[in-house]
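S.K.: What follows is each chain in one-letter form.
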Amino acid sequence: MLHAAATPARKKVRIATTSLSGCFGCHMSLLDIDERLLELVDLVEFDRSPITDIKHCGPCDVAIVEGGVCNAENVHVLRELRANAKVLVALGACAINGGLPAQRNHLDVGDCLTRVYCDRTGGEVPDDPELPLLLDKVHPINEVVRVDYFVPGCPPSGDAIWKYLTDLIFGRMPRLEHPMLRFD
Amino acid sequence: MTTTQTGLGTYLERILKRHGRDSGRLVQILRDVQAEFGRVSAEAMAILAERLSLPIGDVESTRDFYSFLTSEPTGTYRILFSDNITDRMLGNQAIFDHMARRLGVSRGVVSADGLASLDYTSCTGMCDQGPAILVNGMAITSMTLRRADQICELVRSRVPVAEWPNEFFRVDHNIRRADMLLGTDFTPGSALRAAVAMGREAYLAEVKRSNIRGRGGAGFTTGVKWEAARNARGDARYVVCNADEGEPGTFKDRVLMQFYPERVFEGMALAAYVVGAKLGLVYLRGEYLYLKAPLEEKLSELRAARLLGDSILGVDGFDFDIEIHMGAGAYICGEETALIESLEGKPGRPRIRPPFPVSFGYRGQPTVVNNVETLCKATEIALHGGAWYEGFGTKQSTGTKILSVSGDVERPGIYEYPFGVRISQVLDDAGAKNPKAVQISGAAGQCLTTREFGRRIAFEDVPTAGAFMVFADHRDMFEVARNFAHFFQHESCGFCTPCRVGTRIQAGIMDKIAAGHGTQYEMNELQHLREVMRTASHCGLGQTAGGAIADTIAKFREDYEKRLARKDFEPAFDLDAALARAREITGRDDADSRMLSDA
Numbered sequence: 001m002l003h004a005a006a007t008p009a010r011k012k013v014r015i016a017t018t019s020l021s022g023c024f025g026c027h028m029s030l031l032d033i034d035e036r037l038l039e040l041v042d043l044v045e046f047d048r049s050p051i052t053d054i055k056h057c058g059p060c061d062v063a064i065v066e067g068g069v070c071n072a073e074n075v076h077v078l079r080e081l082r083a084n085a086k087v088l089v090a091l092g093a094c095a096i097n098g099g100l101p102a103q104r105n106h107l108d109v110g111d112c113l114t115r116v117y118c119d120r121t122g123g124e125v126p127d128d129p130e131l132p133l134l135l136d137k138v139h140p141i142n143e144v145v146r147v148d149y150f151v152p153g154c155p156p157s158g159d160a161i162w163k164y165l166t167d168l169i170f171g172r173m174p175r176l177e178h179p180m181l182r183f184d
Numbered sequence: 001m002t003t004t005q006t007g008l009g010t011y012l013e014r015i016l017k018r019h020g021r022d023s024g025r026l027v028q029i030l031r032d033v034q035a036e037f038g039r040v041s042a043e044a045m046a047i048l049a050e051r052l053s054l055p056i057g058d059v060e061s062t063r064d065f066y067s068f069l070t071s072e073p074t075g076t077y078r079i080l081f082s083d084n085i086t087d088r089m090l091g092n093q094a095i096f097d098h099m100a101r102r103l104g105v106s107r108g109v110v111s112a113d114g115l116a117s118l119d120y121t122s123c124t125g126m127c128d129q130g131p132a133i134l135v136n137g138m139a140i141t142s143m144t145l146r147r148a149d150q151i152c153e154l155v156r157s158r159v160p161v162a163e164w165p166n167e168f169f170r171v172d173h174n175i176r177r178a179d180m181l182l183g184t185d186f187t188p189g190s191a192l193r194a195a196v197a198m199g200r201e202a203y204l205a206e207v208k209r210s211n212i213r214g215r216g217g218a219g220f221t222t223g224v225k226w227e228a229a230r231n232a233r234g235d236a237r238y239v240v241c242n243a244d245e246g247e248p249g250t251f252k253d254r255v256l257m258q259f260y261p262e263r264v265f266e267g268m269a270l271a272a273y274v275v276g277a278k279l280g281l282v283y284l285r286g287e288y289l290y291l292k293a294p295l296e297e298k299l300s301e302l303r304a305a306r307l308l309g310d311s312i313l314g315v316d317g318f319d320f321d322i323e324i325h326m327g328a329g330a331y332i333c334g335e336e337t338a339l340i341e342s343l344e345g346k347p348g349r350p351r352i353r354p355p356f357p358v359s360f361g362y363r364g365q366p367t368v369v370n371n372v373e374t375l376c377k378a379t380e381i382a383l384h385g386g387a388w389y390e391g392f393g394t395k396q397s398t399g400t401k402i403l404s405v406s407g408d409v410e411r412p413g414i415y416e417y418p419f420g421v422r423i424s425q426v427l428d429d430a431g432a433k434n435p436k437a438v439q440i441s442g443a444a445g446q447c448l449t450t451r452e453f454g455r456r457i458a459f460e461d462v463p464t465a466g467a468f469m470v471f472a473d474h475r476d477m478f479e480v481a482r483n484f485a486h487f488f489q490h491e492s493c494g495f496c497t498p499c500r501v502g503t504r505i506q507a508g509i510m511d512k513i514a515a516g517h518g519t520q521y522e523m524n525e526l527q528h529l530r531e532v533m534r535t536a537s538h539c540g541l542g543q544t545a546g547g548a549i550a551d552t553i554a555k556f557r558e559d560y561e562k563r564l565a566r567k568d569f570e571p572a573f574d575l576d577a578a579l580a581r582a583r584e585i586t587g588r589d590d591a592d593s594r595m596l597s598d599a
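In order, the protein sequences belong to chains A and B.
At position 126 of the first sequence (counting the first as 1) the number is 126 in this note's numbering, and the numbers step up by one without a gap.
At position 167 of the second sequence (counting the first as 1) the number is 167 in this note's numbering, and the numbers step up by one without a gap.
Some clues are possibly wrong.
As the list claims (entries may be wrong) - Which stretches of chain A does chain B cover? Using the computed rule of at least three CB atoms under 8 Å from a CB of chain B, they are: (1) 103-111; (2) 114-128; (3) 135-141; (4) 144-152.
As the list claims (entries may be wrong) - DSSO-like mimics (lysine-lysine), calculated; alpha carbons at most 30 Å apart, straight line: (5) B:K567 with A:K86; (6) A:K55 with B:K567; (7) B:K567 with A:K137; (8) B:K208 with B:K395; (9) A:K86 with B:K562.
Hints were generated in silico from the structure; no laboratory data involved.
Because the structure is a prediction, the values reported are computed rather than measured.
Backbone N, C-alpha and C fix where the C-beta goes; we use that ideal spot for every residue, glycine too.
Excised from the complex, chain A in its bound form:
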């Protein structure tokens, strides 16, 4: 537990978070730190995040990324975070390996789209420019931007996320050991 509570003078760490091609499970796990959330809000403030609903992020200290990269929008969001954050963290299996969404990687993306939109309903594949275009494969985020830290788990437990964040915020080398370091 965190005893060295931040003094009022301490500048809050600014954090941006996003879920790309993920299930929001890692974000749910972040909320799983329970009452420590109260300590967290003393330490950090949120920029772009599902928590704040800010759409574009500004300069910040840490960007936490859940999910892999499956479409053009994911690439743009990820690049924006990378450009603005000092430290970028891949959180959870999908961000690190592509995870469950990458199960489609052995299929042709064109076949997937026609199967879903044409063969079943007799319609057409939507072509609205508003819609993000799918990449042919789902990629882990480190294939698109430089990543500073990887926190494994599907999802990483609330304890693991808390341990990692507090290590980072207080300038310790972030370190996860068994049983917090796990890949399932």
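Given chain A's structure and the hints, the job is docking chain B onto it.
M.R.: The following block gives chain B in isolation, referenced to the frame of chain A:
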């Protein structure tokens, strides 16, 4: 059952009968099926599984493991180019492209008429007379564009490989420096007679006295191994000769098997005499198929001379015979426990050790696995004694060592030296032209630079299984390491994740750097990956797969850095190309459907 299936069944029955319906000989059976039908089809597997009482999954996993066994038909002429770095330096890629054009086939695809297929394969052990190829398993050396044209003609006229000109298949020994093994005459039976005259115990004592260590790379003391196998509890004992010389750049065992086979076999008989084995197995790598028939003939001669068979040399109970097993294109089978798995008809995945083969080896029985060269050395000890033998080499590495020298030298070939020879002397003797680096002991070994040429070949200093690849100063060591990275990716058996995934990521990063998209990030990743593979892999393959890259980064960093992009980071793939398929299917071409890789 259709007539074709009945026909297939009859053919298979003949193959099965040849192998005594022994499911342990599955690799040999599948090799024969592949040779007969140009593939191992699902129907053939079903029949084999039923008649051998094996689950079909076992047959399939064995088939899929070996690169010479295929599920789809290969061309009537299956042409495989050896793709070791030494073949590349001799220009194999230009010859490959030329042949592909002439035959109208692309890599890995069978021509429309089913006539030819063309692909690359791992080092075929002809580094001193490359570029080398295999046509339907038979080795052809010293490829030139002219020879490629001749081969294309023969293929087009459908001349059977057996009728091709003999000079194509000529394999020279290129012995450049002979010492106590290669330079002395040998009368078959003399070593056995000497050992029998001494008696089992006395001969084993001589072997231990000689302090001879295994020549396959690990350098385990041979006498200790034999004694352990003799003392282990078991119903039967086996002697296995490891002639699966797969390490890129090694070809000494090929020369020994081709020109000194009676010593290899006699060495096996000596080991059998000590441990009490009745059966010996030679595991010959699939690439050396051309040696099989002459070796079988040699075995018949030895049987006729009563040097194999029952009561050898009239010694009651000294019954020993030798069988030859062929590999099917898997580097990992050079690892002794993987080799044993393969001998038992299974995919060549390394076992967990201990137990070691001396107590739990072939078919669960005490087994001695020795390198070809080690077995030859055993005959010298029988003839001259351990004390004599110990007088050669260094304190911890006694006797002589055969080196396979290739690459940028005037005289590539076989060099036998007493242990302790300096790298610089080998380079001088072979006529190295401005050497920049030497890769010792193959892709899994170490890379030495000019400053280290004073070091010595010995277990105390630079251990080696025999490969000695020389690179002149105009060579690019990054390309050398990249060649090795692809080799390991191809040869990883897939059993453990650090190696299966690690070798693949490693090769991907090397390609990214080669394409000019690498950054410092990739350099760090390579070193990190090497540590993961070295510490977490199941066997030596994964543990050493990052070694050549780590060595070349440490010693030839400029060859990497000149390729790095001057950026913090670049994506691992072409982002715009990754959107192409979705663009096509949606018919979109708006601004948001495009993306720059370096935005």
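S.K.: Each hint should be assessed against the structure and marked as holding or not.
M.R.: Okay, the hints, checked on the actual structure:
Remark: the stretch 103-111 of chain A is confirmed as covered by chain B, as 3 of its residues place a Cβ nearer than 8 Å to a Cβ of that chain, reaching the required three. Only residues whose beta carbon comes within less than 8 Å of a beta carbon in chain B count, and the stretch 114-128 of chain A has 4; three or more means the coverage holds. Counting residues of the stretch 135-141 of chain A whose beta-carbon sits less than 8 Å from any beta-carbon of chain B gives 4, enough to reach three: the coverage restraint holds. Counting residues of the stretch 144-152 of chain A whose beta carbon lies closer than 8 Å to any beta carbon of chain B gives 3, which meets the minimum of three for the stated coverage.
Restraint check for K567 (chain B) and K86 (chain A): satisfied, since their Cα atoms lie roughly 17 Å apart, inside the 30 Å limit. Between K55 (chain A) and K567 (chain B), the direct Cα distance comes to roughly 28 Å. Compliance with the 30 Å bound is thereby established for this hinted pair. At most 30 Å may separate the alpha-carbon atoms for a hinted pair to count; K567 (chain B) and K137 (chain A) meet this at roughly 25 Å. The hinted pair formed by K208 (chain B) and K395 (chain B) meets the criterion: a straight-line CA distance of about 14 Å does not exceed 30 Å.
Proposed proximity of K86 (chain A) and K562 (chain B) is supported: the alpha carbons are some 28 Å apart, at most 30 Å.
Checked against the numbered hints given earlier, the structure satisfies every one of them.
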